[in-house]
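J.: Sequence positions in the sequence shown follow the numbering used here and run 1 to 111.
Derived from the structure by calculation, the hints contain no laboratory data.
There could be a bad hint or two in this list.
Claimed, not checked - Derived PhoX-like pairs: lysine-lysine, alpha-carbon spacing no greater than 25 Å straight-line:
no.	residue 1	residue 2
1	Lys79	Lys31
2	Lys99	Lys79
3	Lys79	Lys48
4	Lys31	Lys48
5	Lys99	Lys48
6	Lys99	Lys13
7	Lys48	Lys4
Claimed, not checked - The calculated label-pair distances, taken between Cβ atoms and stated as ranges, are:
no.	residue 1	residue 2	range
8	Lys4	Val96	39 to 45 Å
9	Tyr44	Glu89	16 to 22 Å
10	Met67	Lys4	33 to 39 Å
11	Leu32	Ile108	19 to 25 Å
12	Lys99	Pro10	41 to 47 Å
13	Gln3	Thr36	22 to 28 Å
14	Thr11	Asp71	32 to 38 Å
15	Gly34	Glu78	26 to 32 Å
16	Ser29	Gly102	35 to 41 Å
17	Thr72	Leu104	20 to 26 Å
Beta carbons are placed, not taken as given, at the ideal position from N, Cα and C, and that holds for glycine.
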Amino acid sequence: MYQKALKADPTYKLAAECLAIVLTDLGTSLKLAGNTQEGIQKYYEAVKIDPHYDPAYYNLGVVYSEMMQYDTTLNCYEKAAIERPMYVEAYCNMGVIYKNRGDLESAIAYV
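Produce the complete structure using the sequences and hints provided.
T.: Structure, rendered in structure tokens:
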């Protein structure tokens, strides 16, 4: 339904936001069911539809953190924080990664 609305009017912001929510929720369900790569794909689809949808970036950060791909994790958390400047969880998680890397100065900047 949201896809049809966007096809009819690509500037229909509410449809893009709703579709991003659905895709992110689907991504989380897939990840929790053990289909991590499919979940990641849905998160990327969500941010392609709505580049300002911060939960999809955050969830990508969580997945990449679990995969120990910390540079990608930081990039995703930073994008989430850009979209939602008061995204406490994203900042805290970035701080933990920097702390674990021994970069206390950067860690302190994020927490």
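J.: Indicate, hint by hint, whether the structure satisfies it.
T.: How the hints compare with the structure:
Taking the CA atoms of Lys79 and Lys31, the gap is near 21 Å; set against the 25 Å cutoff, the hint holds. The hinted pair formed by Lys99 and Lys79 meets the criterion: a straight-line CA distance of about 20 Å does not exceed 25 Å. For the hint linking Lys79 to Lys48, the alpha-carbon distance of about 13 Å falls within 25 Å, and the restraint holds. Distance check on the hinted pair: Lys31 and Lys48 sit about 19 Å apart at the alpha-carbon level, within 25 Å; holds.
At roughly 31 Å between alpha-carbon atoms, Lys99 and Lys48 are farther apart than 25 Å, so this suggested pair is violated. Simply put, Lys99 and Lys13 have alpha-carbon atoms about 38 Å apart, too far for the 25 Å limit, and the pair is violated. Our distance criterion of 25 Å between C-alpha atoms is met by Lys48 and Lys4, whose separation comes to about 16 Å. A beta carbon spacing of about 42 Å between Lys4 and Val96 agrees with the range 39 to 45 Å that was offered as a hint.
In this structure, Tyr44 and Glu89 meet the distance hint of 16 to 22 Å, their C-beta atoms being roughly 20 Å apart. Between Met67 and Lys4 the Cβ separation comes to about 34 Å, which falls inside the hinted range of 33 to 39 Å. For Leu32 paired with Ile108, a C-beta distance near 33 Å fails the hint of 19 to 25 Å. Against the hinted window of 41 to 47 Å, the Cβ-Cβ separation of Lys99 and Pro10 comes to about 43 Å, which satisfies the hint.
The hinted range of 22 to 28 Å is satisfied by Gln3 and Thr36, whose Cβ atoms lie roughly 24 Å apart. Between Thr11 and Asp71 the Cβ separation comes to about 34 Å, which falls inside the hinted range of 32 to 38 Å. Here the CB-CB span from Gly34 to Glu78 is close to 28 Å, well matched to the stated 26 to 32 Å. For the pair Ser29 and Gly102, the beta carbons lie near 36 Å from each other, so the given range of 35 to 41 Å is met.
Remark: the range hint 20 to 26 Å for Thr72 to Leu104 is upheld by a beta-carbon distance near 22 Å.
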